[in-house]
Amino acid sequence: MRLEYFQMIDHVTEAGPERLAAEARVPEASPVFEGHFPGHPILPGVLLVEAMAQASGYLLLHRLGFARMPFLAQVREAKLRSFVAPGAALSVEAALVHEGSGYAVTEGRISAGGRRICDAGLTLRLLDFPSPELAAAMRAQAARIGLPGVPAP
Amino acid sequence: MASAFDRIADIIAETSDVPRETITPDSHVINDLGIDSLDFLDIVFAIDKAFGIKVPVEAWTQEVNQGKAPAEQYFVMKNLAARIEELVAAKAAGG
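Just so you know, the sequences run in chain order A and B.
Take 1 as the starting number for the first sequence in my numbering and just add one per residue.
Take 1001 as the starting number for the second sequence in my numbering and just add one per residue.
Source of the hints: derived by calculation from the structure; they are not laboratory data.
Warning: the hint list may mix true and false statements.
As the list claims (entries may be wrong) - Partial chain B-side listing against chain A, Cβ under 7 Å, derived:
| hint | residue |
| --- | --- |
| 1 | 1036 |
| 2 | 1040 |
| 3 | 1041 |
| 4 | 1058 |
| 5 | 1068 |
| 6 | 1070 |
Said to hold, decoys possible - If you want a taste of the chain B side facing chain A, the calculated C-beta under 7 Å gives, among others:
| hint | residue |
| --- | --- |
| 7 | 1046 |
| 8 | 1053 |
| 9 | 1072 |
| 10 | 1083 |
Idealized CB from N, CA, C, for every residue including glycine.
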């Protein structure tokens, strides 16, 4: 994870049309921990939600062959069950619940060493890429984390 | 079984803040009921699930934006219910 750059996923371990699994290691040090919280560094819950959203996004990019860009639109029943300390190794999963017209619904889940960390229902809008730069950046990012089937530019 | 209109009206009332009794066959989902795009997404998801279909909202919106169809054809309740019934029938016919 590079928290300051919103790079929440380190490596994709499994990717199919309906499920994606990935690894993410929380950095030992980050300016984020200076504020959250002094003397008690823990990963902010909103960044756990972001990690589940990114796993869902990569799942949808993979499923759709990078034809459209997923944007987070809704978070339902997010449950933050455990604190996450610096250095933690996280398993991030996203599962497709439904693909509709212009949107998709997923379930996100994060665990660490078999212990449940958090889960949530997510809705993402599926829109045309607003710029070629973003499309290229998403392909590069996906290739960096080992997502299979990234199309050539 | 309840009509498609009643089922859709129930979904809208459960999904948004719109009171069930204000939803009539002539209500325009956006203009009259004031449903915003995110609530509409929830409603479409609920309709997709309830009827086992995929409401082609993007195609409908494109038709309306291109002037190929009036918005009322898809977004007035009685017409929306008719479109949903058509989609269900098409699915049952293997379409």
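Structure-based check of each hint:
1. Of the supplied interface hints, the one on residue 1036 of chain B is violated, with its beta-carbon coming no nearer than about 12 Å to a beta-carbon of chain A, more than 7 Å.
2. With its C-beta approaching chain A no nearer than about 10 Å, residue 1040 of chain B sits outside the 7 Å limit, and its interface hint is violated.
3. For residue 1041 of chain B, the interface hint holds, the least distance from its beta-carbon to any beta-carbon of chain A being 5 Å, beneath 7 Å.
4. For residue 1058 of chain B, the interface hint holds, since its Cβ comes within 7 Å of a Cβ in chain A; the closest pair sits about 4 Å apart.
5. Interface restraint check for residue 1068 of chain B: the shortest CB-CB distance to chain A comes to about 17 Å, outside 7 Å, so the restraint is violated.
6. For residue 1070 of chain B, the shortest C-beta to C-beta distance to chain A is roughly 19 Å, which exceeds 7 Å, and the interface hint is violated.
7. Interface restraint check for residue 1046 of chain B: the shortest CB-CB distance to chain A comes to about 10 Å, outside 7 Å, so the restraint is violated.
8. Interface hint status for residue 1053 of chain B: violated, as the beta-carbon distance to the closest one in chain A is roughly 10 Å, over 7 Å.
9. About 19 Å separates the beta-carbon of residue 1072 of chain B from the nearest beta-carbon of chain A, more than 7 Å, and the hint is not met.
10. Because the smallest distance between the Cβ of residue 1083 of chain B and any Cβ of chain A comes to about 12 Å, over 7 Å, the interface hint for this residue is violated.
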